[in-house]
Amino acid sequence: MSAKNHKPIDEATIRHIAQLARLALPPQDSAQLIKELNEILGFVEQLNEVNTENIQPMTGAIEAQIKQRDDIVNDGGYVDKIIANAPVQDDDYFAVPKVVE
Amino acid sequence: MTENKNLITGATGDWEIVLGLEVHAQVRSAAKLFSGAATDYGGEPNTQVSFVDAAMPGMLPVINRKCVEQAIRTGLGLRAKINLFSVFDRKNYFYPDLPQGYQISQYQQPIVGEGALLIELEDGTEKSIGIERLHLEQDAGKSMHDQHPELSFVDLNRSGVALMEIVSKPDMRSVSEAQAYVKKLRAILRYLGTCDGNMEQGSLRADVNVSVRKPDADYGTRCEIKNVNSIRFIGQAIDYEARRQIAVLEDGGKVIQETRLFDPQKGETRAMRTKEEAHDYRYFPDPDLVPLTFTQAWVDEIAATLPELPDAKKARFIEAYGLTAYDANVLVAEAEIADFFEEVVTNGKTFRDAKAAANMVIGSVFAGLNRLGKPLAESPISATQIGQLLDLVSANIISGRIAKDVFDLMFEEGKYQGKDPMQIVEEKGLQQVTDMSVIEKAVDEVLAANPEKAAQAKEKPKLAGWFVGQVMQATAGKANPQAVNQLIREKLGLD
Amino acid sequence: MSELTALSLATARDGLQAGDFTASELVQAHIAEMESARALNAVILETAEQALTMAKASDARLQKGKAGALEGLPIGVKDLFCTENIRTTACSKILDNFVPPYESTVTENLWAAGAVQFAKLNNDEFAMGSSNETSCFGSALNPWRRKGEDKDKPLVPGGSSGGSAAAVAAHIGVAALATDTGGSIRQPAAFTGTVGLKPSYGRCSRWGIIAFASSLDQAGAITRNVRDAAILLGVMAGADDKDTTCIDLPVPNYEAALSGDIRGLKIGIPKEYRIDGIAADIERLWQQGIDWCKQAGAELIDISLPHTKYALPAYYIIAPAEASSNLARYDGVRYGLRKAGRDITNMYEETRGAGFGAEVRRRVLIGTYVLSAGYYDAYYLKAMKVRRLIADDFAKAYEKCDIVLTPTTPSAAFGVGENIDDPLAMYLNDILTVPVNLAGLPGISVPAGLDSQGLPLGLQLIGRPFDEETLLRAAHVLEEAAQFTAQPKQWWKEQNGVVS
Ligand SMILES: [Mg+2]
Ligand SMILES: [Zn+2]
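Heads up: the protein sequence lines correspond to chains B, R and Y, in order. Here the first sequence stands for residues -6 to 94, where the numbers follow the numbering used here. Here the second sequence stands for residues 17 to 511, where the numbers follow the numbering used here. Here the third sequence stands for residues 29 to 528, where the numbers follow the numbering used here.
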C-alpha cells in the first residue's frame, strides 16, 4: 500500500477470497466485484498517511475487566429448541452432506 | 548436544526423529468455556447444547472462571510463565461441527507461556522437555460419517467444552520420549485435577509433529498427525511416519508439510483428503470478549493450593522411604497409587518396611487389580489391611510366603475376601511355628529320610537350601524360615 | 393519523396512566395506522393478534395500578433483534424462516416494562447499508418527499434502521428499537425528521441482537422527540450477565435529566467536520444550531478532531472484517437457508451465495481479504491503530468541552436507486456518524429544520462515554430551540385508497 499502491485484486484473488469465505460467485459477477473491491481498497489506502508508530491497536470500544461466570450448569437440555430450525435433521442430529476426511 | 541413542538406520545412514507434541486436554469443569451447558461425557445428542454452543444468531460468549483457574493451575504445575494479560482470538474456518464458523482460541497472547516438563528415560536418566505455551480454546462438536450413506451427522454436545492446548518444543527424539512425555503430562494434569486424562473418551488427544533429519542437520519439514488418541497409537503413528519420511527422502523426494491422519486399523498415516486451503485461519481478536486480565494475587492464591506433584513426590519417596528411583517412579505415576502406598507404609508415627510395602503395592495389588480389571478405588483390600499384613510378617507371626497366600485369600472372591489378615491367619491356623522343638523334629525327620543328600550337602553347602524347602513344605510353610535354615546348617556342620 | 397515533410516547404513557384511553384502544389505533401504511414497507412482519393480547394484559395491570414504565405502548422492533417464537430474519434470505427460541435482552426489558410488540421492522440486510435498499424485503420508503416536480419520487428512509425511522415518522408506532454500527440510527432519523439515539457502546446489551460488527454494534431508539428517547433508553439499558461487553453501571433516570438548562455547558465544534461536499443547507443549519446553543447559555468552543478523515476508511476495514467472521455461522447447517451442493463445501458456497445479497457479499469478501494472510497488518492492524487515534482525539476534546455538535449527515434523503450502484458514494453517508461508533461514544440526531426541498435535516450531538444524561439534556434544549413540527404529507394512505 501507500507509496506503492496495493496490488489490485484480480480474478484469481477474488476466487481465492470467495473460496475462503465459502461464497459461490456467479462468473458474470466477478468483473463488477473486482472493480468495486478495488475502489474500496483504494479508498481505505489513505490510512497510510497516518503515522501509527507505537500506537496500540484498539480492538474494542470498552476497556473493562472481563466479566466471568461461575462454573455452574444452568443452560442446555433443550434439544428440540436446538434443532427446531435445522434444514435437515435426523434423530436429534444435524445432518449435512457426507464429509470425507 | 547429547548423543542420541535412538537413531533409525536407513539406506543412506542414520536418521534422527524430531518430535513436538500439541496436546489437547479437556479442562475439568462442570460447564463449558463460554456457556452454562454441561460437559459430561456420553449424553444424548445435542442435549448438552446451549444457544451459544449452537451459534444461534445474537449469542455471546461469557467466560467460565473455573476454566481460567484450571489453565493457571496447569501452567503453575508446568513451572510456566502465567500471563496476567491474554487475548482471545477467532480462528476462522468452515466445518459442520464448528457452529460459529470460528473457534475461539488464543493466538499471539496465550494465558500461559514457556515452561518445562521432566521425563524419565529408559536408562533412568531424566530429560527436560520445553513447553512452548498453553492456551484456552473451545472444542468442536462431533461429526459422524458412518451412520448414513449420503449424510454426516453432527452432535454439538462437545461444542464449546474448554480445552487447554499444551504445545511442547520440538525437544523429543524418540517414540519412548514422546510416550513418556504424554504419560508425564497426563500424570501432572491428573494430580492437579485440571483434566481427567481419559484418552478413550477423548479428554486427552495429541497432535504429533514429526520430522526427520540427519544427526546435527537442520530441522526437516514436519508433518502434523492429528488426534492420536492412545499412548500406543502415538508410538505406532510416529514409527510409521518417521519411516515414511525417511523413505521419501532416501528416494530423493521431498517431505510435504501437511496434516495427516493416523489409521489405527492399518497402523498407517495418510494425508487428509479435506484440503484446508493453506491454513489461512484469519485470526483476529474476538470483539465479543475483552482481554482476559487477572492479578498476580489470584495466581498466588491458586499456587498455594497446588498439590505435591510427581517430581517432588518421587524425590521425597526416595529420600524418606529409601525407595529405588524405579519403584518411586512407578508409585508416583498416579496420585491415588502414591497415596495408597503412603497409607500402607505409614504406621501411626513410624514407617513400615518400605521395600516390602512397595513390593506389595506394585506386585500384589497391581497384579491383583489387573486380574480383576478393577481400578485401585475398587480394591477389595484397603491400604490399612495391607499394612496389617506387613505387620504380621515383621512380627514373625507369618512368613512372607504365607503373607502372599493370605493376600490372595483377602483379595480373591471367596469367604475370606476383604477380611482382616489376623482373622484369616487365626481361622486357618497359619501362625508361624517358632517352637524350636517342633522345628527340630521336622528337620531331623527330613535329614533322616535323605541320608545320601545330607552327605552330599556337607561337600556342597548350596544343597542346604533344598533341605530348607523340604522342611518348609513339611510344616506347610509355617516354620520360621530363618530358624529352619540355621538348624539345618548346624546339623550338617556347615557353620 | 388519528388522535391516538398523534401522541408521543410520553403523552401516550401519561394518557394511559390517567385513564384517558385504554392500551387496547391505543394499540388498535396503531394497528390500523400500520395497515394503512403498508405502502411504506416499513413493517415486514405484523403481529397484530399478539399485540392485542399484550394490550389486554397491559390494561389489566394499568387498572391494578401495576403499570410498568412503558405499559401499553406499541413499540416496533428492528428485525435484527431476536424475538422469541416470532420470525427474525435480519432482512436476509439466508435466515429464511428463522424463528428464535429466545428473546433478546433489550426486547425482553421492553416487554417486562409493559411495552406492546406489534411489528418487526425493515432494515438493510444484516444492517449493512445506508438506505434500507439492501433488505431482502425491498426498501422501506421515506414518508417524506421533496417539494415541487419531484413530489412523487420515492426517497430512501436511510439505513440501516430505515424501517424503524419510517415507522416512527409515519406514526405506525409510538417509537421503535433500532441498532447503530456506523450511523444506522442517526442517519435514518435525520432523513425522516425523527430523533435517533445511539447510546455508548456497552450501555445496552447486545445479547440476542444479530451481530454485524461486534465492537461497533449498539442498540438504540428512534422516537419522535428527545423525551421519548430518554424514557426508552431507561428501559433498554442496563448490565447483562450474558454480554460481557455490556457495562455494569447504574442506569440513571434519563427523563429527569431533561432540565432544559445548558447554561455554562461547553459545546465543542470540530473544524474537521466542515467537509467538502456537504450540502449548503446543512452548513447553514449547523450554524443555526451553534447560535441556538449560544442563546441557551452554552459556551461554544472550537475543537479539533484531527483524524476524522480517517474514520470512514478505518470503519470500512474493521466492520467488514468482524462481519466476515460474524456471518460465518450462516452455513445452512443449524438454521436458515440451505441450498443443495455436490459436497459439504459446495453446499456452503451455494447456500451463502444464494442467501447473502450483493452488499453483504461485498463486505464479507472485503472483510475476508483484510484478515487474510499477508494483509492483516497492512489493513486490519493499521485500522485498529487509527481507531485508537480517533478515540484519543475525542478524549482530548473532552478535556475542553462536554459535548460535540455536528451535522448528522452530509445530505438530506436521496432517491431510491440513486446510490445503489456506487458502494463508495453510499458509504460516504456515514462520514459524520462513523467516528462516534469507532470511539464507542453516545450520539443523538435531533431534527432541526428542512432543506430547500422540504426534506428534514438533523443535527448530531456527541457525548462523553456513558454520559447520556448530558447528551439528552443538550439534545432536549436543541429540540426546543428548533421547534421542528413539520410532518410529511401522508401520500401512502392515498395510495392505499385511504384518505388521511
Ligand atoms: Mg494446534
Ligand atoms: Zn487447538
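Wrong hints could be hidden among the right ones.
[To be verified] Using 25 Å as the maximum straight-line C-alpha spacing, the simulated DMTMM-like pairs for lysine to aspartate or glutamate come out as follows:
| no. | chain 1 | residue 1 | chain 2 | residue 2 |
| --- | --- | --- | --- | --- |
| 1 | R | Lys474 | R | Glu506 |
| 2 | B | Lys91 | R | Asp296 |
| 3 | R | Lys199 | R | Glu266 |
| 4 | B | Lys74 | Y | Glu74 |
For the record, the hints were derived by calculation from the structure and aren't laboratory data.
Right, here's what the structure says about each hint:
1. R:Lys474 to R:Glu506: holds (11 Å)
2. B:Lys91 to R:Asp296: The hint holds at about 24 Å.
3. R:Lys199 to R:Glu266: violated (33 Å)
4. B:Lys74 to Y:Glu74: Between Lys74 of chain B and Glu74 of chain Y the Cα gap is close to 24 Å, so the pair holds against 25 Å.
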